[in-house]
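Asker: Okay, here's what each chain looks like letter by letter:
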Amino acid sequence: MIHSARIELETRGHAEPHDLTEAVARHVRESKLRSGTVTLFCPSSTSALTTIEFESGALSDFRRLFDELAAPGRDYAHEQRWHDGNGHSHVRAALLGPSLVIPFVDGRLTLGTWQQILFLDFDNKARRREIVVQIAGE
Amino acid sequence: MIHSARIELETRGHAEPHDLTEAVARHVRESKLRSGTVTLFCPSSTSALTTIEFESGALSDFRRLFDELAAPGRDYAHEQRWHDGNGHSHVRAALLGPSLVIPFVDGRLTLGTWQQILFLDFDNKARRREIVVQIAGE
Amino acid sequence: MIHSARIELETRGHAEPHDLTEAVARHVRESKLRSGTVTLFCPSSTSALTTIEFESGALSDFRRLFDELAAPGRDYAHEQRWHDGNGHSHVRAALLGPSLVIPFVDGRLTLGTWQQILFLDFDNKARRREIVVQIAGE
Numbered sequence: 001m002i003h004s005a006r007i008e009l010e011t012r013g014h015a016e017p018h019d020l021t022e023a024v025a026r027h028v029r030e031s032k033l034r035s036g037t038v039t040l041f042c043p044s045s046t047s048a049l050t051t052i053e054f055e056s057g058a059l060s061d062f063r064r065l066f067d068e069l070a071a072p073g074r075d076y077a078h079e080q081r082w083h084d085g086n087g088h089s090h091v092r093a094a095l096l097g098p099s100l101v102i103p104f105v106d107g108r109l110t111l112g113t114w115q116q117i118l119f120l121d122f123d124n125k126a127r128r129r130e131i132v133v134q135i136a137g138e
Numbered sequence: 001m002i003h004s005a006r007i008e009l010e011t012r013g014h015a016e017p018h019d020l021t022e023a024v025a026r027h028v029r030e031s032k033l034r035s036g037t038v039t040l041f042c043p044s045s046t047s048a049l050t051t052i053e054f055e056s057g058a059l060s061d062f063r064r065l066f067d068e069l070a071a072p073g074r075d076y077a078h079e080q081r082w083h084d085g086n087g088h089s090h091v092r093a094a095l096l097g098p099s100l101v102i103p104f105v106d107g108r109l110t111l112g113t114w115q116q117i118l119f120l121d122f123d124n125k126a127r128r129r130e131i132v133v134q135i136a137g138e
Numbered sequence: 001m002i003h004s005a006r007i008e009l010e011t012r013g014h015a016e017p018h019d020l021t022e023a024v025a026r027h028v029r030e031s032k033l034r035s036g037t038v039t040l041f042c043p044s045s046t047s048a049l050t051t052i053e054f055e056s057g058a059l060s061d062f063r064r065l066f067d068e069l070a071a072p073g074r075d076y077a078h079e080q081r082w083h084d085g086n087g088h089s090h091v092r093a094a095l096l097g098p099s100l101v102i103p104f105v106d107g108r109l110t111l112g113t114w115q116q117i118l119f120l121d122f123d124n125k126a127r128r129r130e131i132v133v134q135i136a137g138e
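Protein chains in written order, with this note's numbering: chain A, 1 to 138; chain B, 1 to 138; chain C, 1 to 138.
Be a bit skeptical, because a hint or two may be false.
All copies of an identical chain are treated as equivalent in the list; a pair is satisfied when it fits inside any one copy or across any two copies.
[Stated by the list, open to error] The list that follows gives simulated cross-link-like pairs (lysine to any residue, SDA-like), each with its CA atoms no further than 20 Å apart:
hint : residue 1 : residue 2
1    : Lys125    : Trp114
2    : Lys125    : Thr113
3    : Lys32     : Lys125
4    : Lys125    : Gly112
5    : Lys125    : Glu79
6    : Lys32     : Met1
7    : Lys32     : Ser4
8    : Lys32     : Gly73
These are computed hints drawn from the structure, not numbers from a lab.
Bound-form chain A, shown alone:
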C-alpha cells in the first residue's frame, strides 16, 4: 500500500531549519500501515533534508559548515547568468541532497531518541515550500 501526501511550509530561506518530525510521524499514523518506509523528497533545487539533534547549538554548527563550504558572498557562475543571488543555495542543496528515507516499524518511525528530521531552506528569500511524503508499507 502506498500513501502520498505533502507537507506545506512557509519558509524564510538563508538555511532556515524546520523540524518535520511530528508532521511525518502523523502521516505514518494516519496511513494505518505497520511496517515500511517513508520517503521524503524536496521538489526543489535550493532545499534539502537530513536528520540532526534539533537543538540550537548543533543547528548553528551545521549552518556554519555551509557558510564555509559555499559562502553567499563568493562569485558563482549561476549568478553571472541568472542574477538571482542564490548560487550558493544550489551548491548547498545538491551536496546535502533532496531525499531522505526512514523505516517505520509497528507504526513508529525508527528515529533515535535525539534525532529529528531537518528540512533546510537554502534559498535567499521567503518561499512557500512543499515536501513530498510517500509512505510504502503493509
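For chain A, the structure is supplied; the task is to place chains B and C on it using the hints.
Answerer: Positioned in the frame of chain A, the structure of chains B and C alone reads:
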C-alpha cells in the same frame, strides 16, 4: 510490483555531469505504475547521484566545490597503494552518496520545475557506466 | 513483503569505519525476496552511512575530509551548551546522512565489485549501535 532496469552511459570522468531525468521518467512511464518510488543506485565507488538545476552555471559551481574539498593534485593514501590516480574520486563519491530515491505520483516524478537528476562520474578516465533503476509501486 | 531487522555493533567512535556488506547481504538472503530495496538507517545523530571501496587508503582519505570539514578541536555551539565533546560528530553525521537505499535483484545486492557498505561512527566514545535494516520486495 517491482520493475528493475539499468541506464547505460558512456562517460568521460573528471566530474562530468549527466542528466538522467528523461531516462528515469521513461522507465516510470513504461512500468505503468501510478504511485511509488524510484530508487537510483550507482554500482560504483567513484560516481554519485543528486539533483540540481541542470544549467551550466550551477553545474560549474557544484564541481568547484569538489575541486576544493578533494582536489586531484593532493596526496591520497589510496593512490600510494594503488597508483590509479583516482584517490580524490573515491572521497567525492562517498561524500555525495550512491543512492537517490524519488517518489512518483500519477505516473510522474515529483521533481520540481527546475530540478533535474544529476549523475556525476568522478573517476579520472572514460568508462562505461550502468545506473540501477528500481521502481516499486502500485 | 517487508522484513525488518537490526544489525548490532560495538563501536569505538572517532570516525571508526565498519563494513556492513556481509551482514546486509545475509539479511537479504534470509528474507527469500528476489527483487526490491534494502533501506539502511542509523537511529542516531552521530553516525552515518555511505558506500566506499573498503580499503585502508580510501578510508583514510575519507576520514581526512571530515577532519578538515569539522575538526574535533574547534569551537562548537553544541559543546558550549552540552559539554559532551562531540559537536563535530553531529555536524559530520548530518552532512553524510543517516539513510542508504540499495536495490537487490535476483536476491543479490546491486553493489559494484569494489563497493562496500560503510557505517561511520562519528561519536567520541565507545558505544553499542544498532542499524535498522528494512527490506521491501517480492
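Asker: How do Lys125 and Trp114 come out at 20 Å by Cα distance, when the copy is not named: within, between, both, or neither?
Answerer: Between copies only: 17 Å across, 30 Å inside.
Asker: At 20 Å max between alpha carbons, let me know whether Lys32 reaches Ser4 within a copy, between copies, both or neither.
Answerer: This pair counts as both: shortest intra-copy Cα distance 13 Å, inter-copy 17 Å.
Asker: Is it within, between, both or neither when you check Lys125 against Thr113 at 20 Å Cα-Cα?
Answerer: Cα proximity of Lys125 and Thr113: across copies only (18 Å, versus 33 Å in one copy).
Asker: Regarding Lys32 and Lys125, is the shortest C-alpha distance of 20 Å or less found within a copy, between copies, in both, or in neither?
Answerer: neither (37 Å within a copy, 39 Å between copies)
Asker: Within a copy, between copies, both or neither: which one fits Lys32 and Gly73 at a CA-CA cutoff of 20 Å?
Answerer: Result: close neither inside a copy nor across copies, 47 Å intra and 46 Å inter.
Asker: How would you classify Lys125 and Glu79 at a CA-CA limit of 20 Å: within, between, both, or neither?
Answerer: within (15 Å within a copy, 30 Å between copies)
Asker: Evaluate Lys125 and Gly112 at a C-alpha cut-off of 20 Å and name the case that applies: within, between, both or neither.
Answerer: between (32 Å within a copy, 17 Å between copies)
Asker: If the cutoff is 20 Å on CA atoms, where do Lys32 and Met1 land: within, between, both or neither? Let me know, please.
Answerer: both (10 Å within a copy, 16 Å between copies)
Checked against the numbered hints above, the structure breaks hints 3, 8 and satisfies the rest.
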